[in-house]
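Each chain is listed here by its residues.
4 protein chains.
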Amino acid sequence: MPRARIHRIPTSSPDDTSGLRALINAGDLDPSKLIAIIGKTEGNGCVNDFTRAFAVSALTQALGEDSTGVSMVMSGGTEGGLSPHIVTFEVLADTGPGPAMAIGTGLSRDLEAHELGTFAQIDCVAETVTAAVKSADLTGAADVHFVQVKCPLLTADRIAASRAPVATPDTLKSMGLSRGASALGVALALGEIDLATAKAAKIGSDPDIWSGRASTSAGIELMGHEIVVLGMSDSWTGPLRVDHAVMTDAIDIASVAQALARLGVGETTRLRVVFAKAEASSSGLIRGQRHTMLDDSDIASTRHARAFVGGVLAGLTGSSDLYVSGGAEHQGPDGGGPTALIAEQI
Amino acid sequence: MPRARIHRIPTSSPDDTSGLRALINAGDLDPSKLIAIIGKTEGNGCVNDFTRAFAVSALTQALGEDSTGVSMVMSGGTEGGLSPHIVTFEVLADTGPGPAMAIGTGLSRDLEAHELGTFAQIDCVAETVTAAVKSADLTGAADVHFVQVKCPLLTADRIAASRAPVATPDTLKSMGLSRGASALGVALALGEIDLATAKAAKIGSDPDIWSGRASTSAGIELMGHEIVVLGMSDSWTGPLRVDHAVMTDAIDIASVAQALARLGVGETTRLRVVFAKAEASSSGLIRGQRHTMLDDSDIASTRHARAFVGGVLAGLTGSSDLYVSGGAEHQGPDGGGPTALIAEQI
Amino acid sequence: MPRARIHRIPTSSPDDTSGLRALINAGDLDPSKLIAIIGKTEGNGCVNDFTRAFAVSALTQALGEDSTGVSMVMSGGTEGGLSPHIVTFEVLADTGPGPAMAIGTGLSRDLEAHELGTFAQIDCVAETVTAAVKSADLTGAADVHFVQVKCPLLTADRIAASRAPVATPDTLKSMGLSRGASALGVALALGEIDLATAKAAKIGSDPDIWSGRASTSAGIELMGHEIVVLGMSDSWTGPLRVDHAVMTDAIDIASVAQALARLGVGETTRLRVVFAKAEASSSGLIRGQRHTMLDDSDIASTRHARAFVGGVLAGLTGSSDLYVSGGAEHQGPDGGGPTALIAEQI
Amino acid sequence: MPRARIHRIPTSSPDDTSGLRALINAGDLDPSKLIAIIGKTEGNGCVNDFTRAFAVSALTQALGEDSTGVSMVMSGGTEGGLSPHIVTFEVLADTGPGPAMAIGTGLSRDLEAHELGTFAQIDCVAETVTAAVKSADLTGAADVHFVQVKCPLLTADRIAASRAPVATPDTLKSMGLSRGASALGVALALGEIDLATAKAAKIGSDPDIWSGRASTSAGIELMGHEIVVLGMSDSWTGPLRVDHAVMTDAIDIASVAQALARLGVGETTRLRVVFAKAEASSSGLIRGQRHTMLDDSDIASTRHARAFVGGVLAGLTGSSDLYVSGGAEHQGPDGGGPTALIAEQI
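Residue numbers (my numbering), protein chains in the order written: chain A, 1 to 346; chain B, 1 to 346; chain C, 1 to 346; chain D, 1 to 346.
I should point out that these hints are in silico values taken from the structure, not numbers from a laboratory.
Quantities reported herein were computed from a predicted structural model and do not represent experimental measurements.
Hints are supplied without guarantee of correctness; some may be wrong.
As a list, the in silico SDA-like pairs of lysine to any residue whose alpha-carbon atoms are at most 25 Å apart [said to hold, decoys possible]:
(1) K199(C) - P207(A)
(2) K202(A) - D208(C)
(3) K173(C) - G191(A)
(4) K173(B) - M1(D)
(5) K33(C) - E90(C)
(6) K199(A) - P169(C)
(7) K199(D) - D157(D)
(8) K173(A) - A167(C)
(9) K199(A) - A254(A)
(10) K33(C) - A62(C)
(11) K173(A) - D170(C)
(12) K202(A) - S162(C)
(13) K202(D) - D170(B)
(14) K173(C) - D123(A)
(15) K202(C) - P169(C)
(16) K202(A) - S205(C)
(17) K202(C) - M232(C)
(18) K202(C) - R109(C)
(19) K199(A) - T168(C)
(20) K202(D) - T130(B)
(21) K202(A) - T168(C)
(22) K134(B) - K202(B)
(23) K202(A) - R163(C)
(24) K199(B) - T130(B)
(25) K173(A) - D208(C)
(26) K134(C) - T68(C)
(27) K173(D) - D170(B)
(28) K134(C) - K202(C)
(29) K202(B) - D94(D)
(30) K202(B) - D110(B)
(31) K173(B) - P169(D)
(32) K134(B) - D110(B)
(33) K202(A) - V166(C)
(34) K134(D) - D94(D)
(35) K202(D) - A161(B)
(36) K173(C) - P165(A)
(37) K173(A) - A160(C)
Chain A extracted, bound-state conformation:
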């Protein structure tokens, strides 16, 4: 019977693997059981953020042969007080009662540059998510609380080399299209939208079509998709629980507080991990008040949003080592975003 184990490990730089190695050396982490590492690195989280690839390179070196098959999803950007860290996911064999948190992973084929931001990407992601859900022994989409997708972006080089026209010549904008198409792929796989809707969707500009459980990040270091699925399954055991909330706007703490209560945080459990998506509302407003994130040509709006929503959630949870990821296209309602919470029984 599988049991999930997680570690939340602070990092002092993108290539810092000392915490990981210390846990391995102490026998608290079995690298042969690792299936995923999700982390925040301290780059700008946009096109020219090489901290993600640097972290993956360092983790791969540190793990050696054990790195094979480990999904590594690094999200750049620790603006505001956010704290760089990684979360490791192991699957151990154990016996005990269920239900408990279950994990599945998947890796899609490489996209071609001209497929990015089109239905071809939606379809590619949906197929991989469906397989990952099945691999985690999750009985249905209703038991899935979080789907993390690391997706590709376009660079000037990739655009120049493309054999067909690309969706956008703007490299920063390509990140948004890729995140959006990936989120729609999750929504399609989880039944949040149907195939006709997915095919008709205007990717990146149709804010009413969204997944409440997708979290997608674009990175320069891959052309495929790395996928990690979290849910609750009767076939898994152990002390971990996962739930999710959909923030309706950037300052909606009520929905997250309710999920914390459902998990019994502070009563029967303690909070271990927070995953959240953040974005600037396209209306330019938060509860009727103007924000300036979309008109700022010095700082990308994704950076503003991570810092701000990081503050919102850090104030609520009392901790700053949160995974807050920018760019929530088709992930939750416009200006809001999905949040997933992992708690551990005390």
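Chains B, C and D: place on chain A using the hints.
Same frame as chain A, but now just chains B, C and D:
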């Protein structure tokens, strides 16, 4: 008997005075009674932020002769979801019970460039604050809840023209020294520190000496100090109440929640205005977790801190039109900062 | 007989009008003869650059009634070593030999938000340029060497208020579309392209269609177009001469050196003013070497290009108070741009 | 008899080693003969630029055991049109006439955090340079044309862990102090200043004391100093020649043009490599015209200066794959900087 009246007015750009003019035209704001305008503008809040001066220029033009004697304190930087706005302060004549919120203002002499960041600046500010407290009929320092100071900064031009060595050749750093010296001036005037401590203080690098009620912002548009004092006085009447809290770190919502409770917000009053200071802790940590604000050479740490603490307070209060000002040198403990709250009886 | 007079005036901040006022007070500049002021201000040159509007506001105040009818075109961004300054254009009455530099100006109607970046904008600009050329007594398009257009941009507010779909929801991108459509308007007016080409042009993504004499800048402070035309006319007199060059890429100094030689700079004339457009080549290459301007999410490519081309031209001319303006969509070939040079007989 | 061989290799990302590996595979580069790699990577060149360490990590992996003893000096920042690339230096055995370009390298001990920016760092660098000059068989300091030093910087972590007070708590500023002390170490070793001057120097604020041949870059990835010395020696053979120029300000192309002429570039040789230092003049002026680099809180002045001087030199040389490094404290006169040029006989 004086009564304070305030308006919180959203602005669509630094030079937008349409909201102010509409209130005047509707008879809801009497420009001849104005004594102060405090606002947030959407520049970078650092050296080359001309949105502050542009706002002051536009307000001065809009008010015409009524602008004389009105303290105008614009703080740059609406990072994250913060919303540009101004708060107007009028003093009307009225009768009724006290105590109520009282306001005083003051304007110091111009500093010389070489005085910035030295005891001469502390002394200059302390003298002006003392006079402003007296002008507001506040019986003692204990009744003072907020002292806003707009202070100068050094530019390359001012440094080159200085007749004596300046405290720092780094223009961004000069803003911190000016804010710090001004805060120590407030602390000295309010009896939070004594004269010997003020004289011995290492300005900008002595985080244990601070004011719990000072809020200081540096701007390119003046060489003197504009000062606004808020407190509770038996000699004033009206529905406004003011209190303050000192955040012990960037995510300390408990202290602010207590002040909201003391004011009866949500019960007998509604929250009208929030003033807060924000900064990156010099330890590089928030509750033991590393932040990256001080190592980021792309975005000034003051911008990170405003976005993040803006999120913390917006999550708590449910609103984003907050006055969160960066650079809290000697304003509250390291990494935290003073917060002032104005509520109105329902 | 008209004679053009110019002054190149350094500014110490966006609202510095002291140099202008000093010239007026000394009798060296007659404000009633002013028809245009073109300048560089020190903002980011992108969407949230309020230094342009601040400069226009200050100049308007300083000139009082004389500001009526004066075209004011401020271009933001003095990256690298570029030096903020304004150039004033007066038209005096005189007698003497021709030909000499002639000036014409024009002001278009306000665009609606949804017209920006479409043929409606091309048409609007072309009509205004044609009128301005005629007003300057320029006999034909061949005598025109420089057409400066100040054009509008979209903001989150303007997009939200638009009564029809806009060309792009991305405010920074709207600047490029506006500059591009305006340049095509110039090309159409000067016969560099024909009407069919203008109507079929993919604005912003058709780099082979361009004007060799257009210089367009987008600003938040207007919704119409301010146009200034410079050329050589037998009907004008005085010591000023104007010529132009088209840089084929960002480091093409040969074409500019030839124009300097044609003008006799260093022999019979001295260089007074340089106007140039700069942009990052969409190929991502300069003479086969990769540049990183388009992949940088921290600094807009327009800022990189101004700094770099500013260096190229400052090295060649020995001076840094150059008008180098970013965003050369449809202004010269991809990665290059038009340059205009004003020289004065010694 | 030693012969130096160099390759200038473009890179498509910080970790791109494909060009290096292709040369090795083709037999055109012998990794066992490598002694140094100097390169430009596309980060911000400031504190949180991890592209330098990522490049060193990738090169080390690609070279395997051959990486031992190879000095790797990566300078971050390819602003403007500058092109990321590396230059490899091999020492082959050959016979033939001299003189020719000679190379020496050195590696200092690790500094302690509190030594950074003090005479201890000057002394440490001087000693290592002297040894490197000797190792290259350069008979005297007069034959040395270029000394590249990679030096450390302070981070928030290093400051917190320091056992003694550090020179500055500002991490960005620590880069300047480190570059400055390293340059003075070069000046001392080459006899450009004497020991008394070095001991009395106010590091970072004494612009009249400088080396005309030092080029120093700070990076987060080391605490010691990597040193590469280039000069002309009768004991070396081969087609490479090196010379240097000192730019007196940011737009001084005359001095560089003279060095190009001395080397016979365009006549008997072709230009292979340009190394240059760039900085914003502390006066705030370039030939009397104001620049805004030091007042810009959005973009570090080092980034402005690299972009601008990159343009100056690219215009002159017709190529953009130049090593232009920011932060020229004590490297050439204030606002200018040393430039080294390698040419190859045709």
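Status of the hints after comparison with the structure:
1. Under the criterion of a C-alpha separation no larger than 25 Å, the hint pairing K199(C) with P207(A) is inconsistent with the structure, at around 32 Å.
2. Distance hint between K202(A) and D208(C) is unfulfilled; the C-alpha atoms sit about 30 Å from each other, more than 25 Å.
3. Distance restraint check for K173(C) and G191(A): the Cα-Cα separation of roughly 35 Å exceeds the 25 Å cut-off, and the hinted pair is therefore not satisfied.
4. Restraint check for K173(B) and M1(D): the C-alpha separation of about 53 Å exceeds 25 Å, so the hint is violated.
5. With a CA separation close to 5 Å, the supplied pair K33(C) and E90(C) stays within the 25 Å bound.
6. Our distance criterion of 25 Å between C-alpha atoms is met by K199(A) and P169(C), whose separation comes to about 22 Å.
7. Proximity of K199(D) to D157(D) is assessed by CA-CA distance (about 29 Å); at most 25 Å being required, the pair is judged violated.
8. Taking the CA atoms of K173(A) and A167(C), the gap is about 15 Å. The hint holds against a cut of 25 Å.
9. This hinted pair does not check out: K199(A) and A254(A) have alpha carbons roughly 34 Å apart, beyond 25 Å.
10. A threshold of 25 Å between alpha carbons decides the hint, and for K33(C) with A62(C) the separation of about 15 Å falls inside it, so the pair holds.
11. For the given pair, K173(A) sits about 9 Å from D170(C) by alpha-carbon distance, which is consistent with the 25 Å threshold.
12. Of the pairs offered as hints, the one joining K202(A) and S162(C) holds, with about 20 Å between alpha carbons and a cut-off of 25 Å not exceeded.
13. Restraint check for K202(D) and D170(B): satisfied, since their Cα atoms lie roughly 16 Å apart, inside the 25 Å limit.
14. Our distance criterion of 25 Å between C-alpha atoms is broken by K173(C) and D123(A), whose separation comes to about 29 Å.
15. For the hint linking K202(C) to P169(C), the alpha-carbon distance of about 17 Å falls within 25 Å, and the restraint holds.
16. Distance restraint check for K202(A) and S205(C): the Cα-Cα separation of roughly 21 Å lies within the 25 Å cut-off, and the hinted pair is therefore satisfied.
17. The hinted pair formed by K202(C) and M232(C) fails the criterion: a straight-line CA distance of about 32 Å is larger than 25 Å.
18. At roughly 23 Å between alpha-carbon atoms, K202(C) and R109(C) fall within 25 Å of each other, so this suggested pair holds.
19. A C-alpha spacing of about 22 Å is found between K199(A) and T168(C), which places the hinted pair at or below 25 Å, so the restraint holds.
20. Straight-line distance between C-alpha atoms of K202(D) and T130(B) comes to about 40 Å, which puts the hinted pair past the 25 Å bound.
21. Proximity of K202(A) to T168(C) is assessed by CA-CA distance (about 14 Å); at most 25 Å being required, the pair is judged to hold.
22. Taking the CA atoms of K134(B) and K202(B), the gap is about 29 Å. The hint is violated against a cut of 25 Å.
23. For the hint pairing K202(A) with R163(C), the CA-to-CA distance comes to about 20 Å; that is within 25 Å, so the pair holds.
24. Of the supplied pair hints, the one linking K199(B) and T130(B) holds, its CA atoms being roughly 18 Å apart against a limit of 25 Å.
25. Distance check on the hinted pair: K173(A) and D208(C) sit about 24 Å apart at the alpha-carbon level, within 25 Å; holds.
26. Restraint check for K134(C) and T68(C): the C-alpha separation of about 21 Å stays at or below 25 Å, so the hint holds.
27. Using a Cα cut-off of 25 Å, the hinted pair K173(D) and D170(B) holds, with the two alpha carbons roughly 9 Å apart.
28. This hinted pair does not check out: K134(C) and K202(C) have alpha carbons roughly 29 Å apart, beyond 25 Å.
29. Among the hinted pairs, K202(B) with D94(D) is inconsistent with the structure: their alpha-carbon atoms are about 62 Å apart, more than 25 Å.
30. Taken as a hint, the K202(B) and D110(B) pair is honoured in the structure, with Cα atoms around 22 Å apart against an allowance of 25 Å.
31. At most 25 Å may separate the alpha-carbon atoms for a hinted pair to count; K173(B) and P169(D) meet this at roughly 11 Å.
32. Between the alpha carbons of K134(B) and D110(B) the distance comes to roughly 21 Å, so the proposed pair stays at or under 25 Å and holds.
33. The suggested pairing of K202(A) with V166(C) holds, with an alpha-carbon distance near 15 Å, which does not exceed 25 Å.
34. A C-alpha spacing of about 20 Å is found between K134(D) and D94(D), which places the hinted pair at or below 25 Å, so the restraint holds.
35. With a C-alpha separation of about 22 Å, the suggested pairing of K202(D) with A161(B) holds against the 25 Å cut-off.
36. Distance check on the hinted pair: K173(C) and P165(A) sit about 19 Å apart at the alpha-carbon level, within 25 Å; holds.
37. Between the alpha carbons of K173(A) and A160(C) the distance comes to roughly 20 Å, so the proposed pair stays at or under 25 Å and holds.
Hint compliance for this structure: hints 1, 2, 3, 4, 7, 9, 14, 17, 20, 22, 28 and 29 are not met, and every other hint is.
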